[in-house]
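Heads up: take any position in the sequence shown, counting from 1, add 4, and you land on the numbering used here.
It is worth saying that the hints were derived from the structure and are not from the lab. For each residue, glycine too, the CB sits at the ideal point set by N, CA and C. One thing to keep in mind: the hints can contain errors.
Within a straight-line C-alpha distance of at most 20 Å, the following computed EDC-like cross-link-like pairs (lysine to aspartate or glutamate) qualify [unchecked claim]: (1) Lys266 / Glu286; (2) Lys296 / Asp398; (3) Lys111 / Glu55; (4) Lys289 / Asp478.
Here are the simulated distance ranges between beta carbons [claimed, not checked]: (5) Leu475 / Val30: 24 to 32 Å; (6) Phe330 / Ser270: 42 to 50 Å; (7) Lys20 / Tyr104: 29 to 37 Å; (8) Glu287 / Phe234: 34 to 42 Å; (9) Glu50 / Leu475: 43 to 51 Å; (10) Leu377 / Glu68: 24 to 32 Å; (11) Arg358 / Glu287: 38 to 46 Å; (12) Glu51 / Pro308: 41 to 49 Å; (13) Lys290 / Ser323: 46 to 54 Å.
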Amino acid sequence: MHQMTLAEIARGLADKKFSSEELTKVLLARISQLDPQLNSFISLTEELALEQAKAADARRASGESGALLGAPIAHKDLFCTQGIRTSCGSKMLDNFKAPYDATVVAKLAAAGAVTLGKTNMDEFAMGSANESSYYGAVKNPWNLEHVPGGSSGGSAAAVAARLLPAATGTDTGGSIRQPAALTNLTGLKPTYGRVSRWGMIAYASSLDQGGPMARTAEDCAILLQGMAGFDPNDSTSIDEPVPDYSASLTGSLQGLRIGVPKEYFSAGLDPRIADLVMASVEELKKLGAVIKEISLPNMQHAIPAYYVIAPAEASSNLSRFDGVRFGYRCENPVNLIDLYKRSRGEGFGPEVQRRIMVGAYALSAGYYDAYYLKAQKIRRLIKNDFMAAFNEVDIILGPTTPNPAWKLGAKNSDPVAAYLEDVYTITANLAGLPGLSMPAGFVDGLPVGVQLLAPYFQEGRLLNVAHQYQLNTDWHTRTPTGF
């Protein structure tokens, strides 16, 4: 059962080959047995899962149907879940139980999805390795000595290890696509505003976007269908009709124009990954795609712009965690200033403190124009590059990451080295574009992903290209040894 995809589970439940309750019990037992090796979960929700599974079985018995009805999933632990710990991977929120469900959680529950638990993550989604979590690092199931990527590393490791078929993640600078690439999954960051951020604890509000993580593009289409849609509670949600993503998986790639930016193939890219990217290009050419070299001239400025904008927004968003209203509170504060200082100093980890300090500096008097304003101007130039490119091509293709997964602890002493791993993913967040990573091969036994980018609200196009590629390759079917 644990090897089934979401699509296969939907067919099995519809054909009454097994019940949601039976499947849920199998996967909960598998998580209990195998997750101690991975540390991919922060909280398991066994009672809730069995209640939801029984309810889903009753709904099917009454004649109801649906691809997610009775399907087991997990949520990244920054989606608020009513009455259940929502920690954001931080000591600051270790004791926080959300009083309401995030819109994504509520929509998927209404569709009948069964929540098995909350997955581990980099603290407040700040990281590219899932090593900054208060609950310890997550291990990559392909090699337990390596990172799974971040910040959605818990969701990625759990799905890759076949502990469950799919999970939610969030992507601020690549935090769905990068761990998907490093664990052999398909991961989709939707267009900014496509999925509600209400109840999703913010890192950087103009960049964050929730999305699906699964083994196949077909499964991502199913999960995105349940997540997407306008939400009046979210001022950044866009009132745009949600297409049938599964129906979009049948399109031919004949004549599809794919752009390959020359800037992607710089000295920082592992040449073995470059070879796999070009092999995927050749595969898509066989399916009828037309390949064209393009240019994204301002890509070189993306990392400095991102690491001004994101920390600036984080310093503002995280100011609410002050030890007064909720979350961690230091013991015996002598006055209000002492309460603030020690609650935040003890509650936040080193990476979060680093980004808050950088952000506060960038927004401070005398530096706003020099840093934050300039970064926003660069952001506009990056968006303009994409708009020009999409006048010439339908899809942009390149590597998801410059390197395969690195060893645990290898970049801890050099935060900038970890930041550079986001070089190919952060541009989509700065521009608000949809992006997808799909499995494309292995280097030294570690998975490699290829990234696809599309114009706004063209998630269906991305999913179809990935699906057609997966119908003709088997990278996405490979399973890590021991799982």
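- Query: Are Leu377 and Glu68 spaced within 24 to 32 Å by their CB atoms?
  - Reply: violated, 53 Å
- Message: For Lys111 and Glu55, compute the direct alpha-carbon distance and say whether it is at most 20 Å.
- Response: holds, 17 Å
- Task: Could you check the hint for me, namely that Arg358 and Glu287 are 38 to 46 Å apart, CB to CB?
- Result: holds, 41 Å
- Do the alpha carbons of Lys296 and Asp398 lie within 20 Å of each other, as the hint requires? holds, 10 Å
- Message: For Lys289 and Asp478, compute the direct alpha-carbon distance and say whether it is at most 20 Å.
- Response: The hint holds at about 17 Å.
- Are Phe330 and Ser270 spaced within 42 to 50 Å by their CB atoms? This hint holds: roughly 45 Å between Cβ atoms.
- Query: Using the C-beta atoms of Leu475 and Val30, is the stated range 24 to 32 Å upheld?
  - Reply: With Cβ atoms ~28 Å apart, the hint holds.
- Task: Please test the hint of 41 to 49 Å on the beta carbon pair from Glu51 and Pro308.
- Result: holds, 47 Å
- Task: Using the beta carbons of Glu287 and Phe234, state whether their distance is inside 34 to 42 Å or not.
- Result: holds, 36 Å
- Message: Does the beta carbon distance between Lys20 and Tyr104 stay inside 29 to 37 Å, or does it fall outside?
- Response: holds, 35 Å
- Query: Does Glu286 lie within 20 Å of Lys266 when you go C-alpha to C-alpha?
  - Reply: Holds - the C-alpha atoms of Glu286 and Lys266 are around 16 Å apart, at most 20 Å.
- Could one say that the CB atoms of Lys290 and Ser323 fall in the range 46 to 54 Å? Since the Cβ atoms of Lys290 and Ser323 sit about 53 Å apart, the hinted range of 46 to 54 Å holds.
When the structure is compared with the earlier hints, violations turn up for hints 9 and 10 and for no others.
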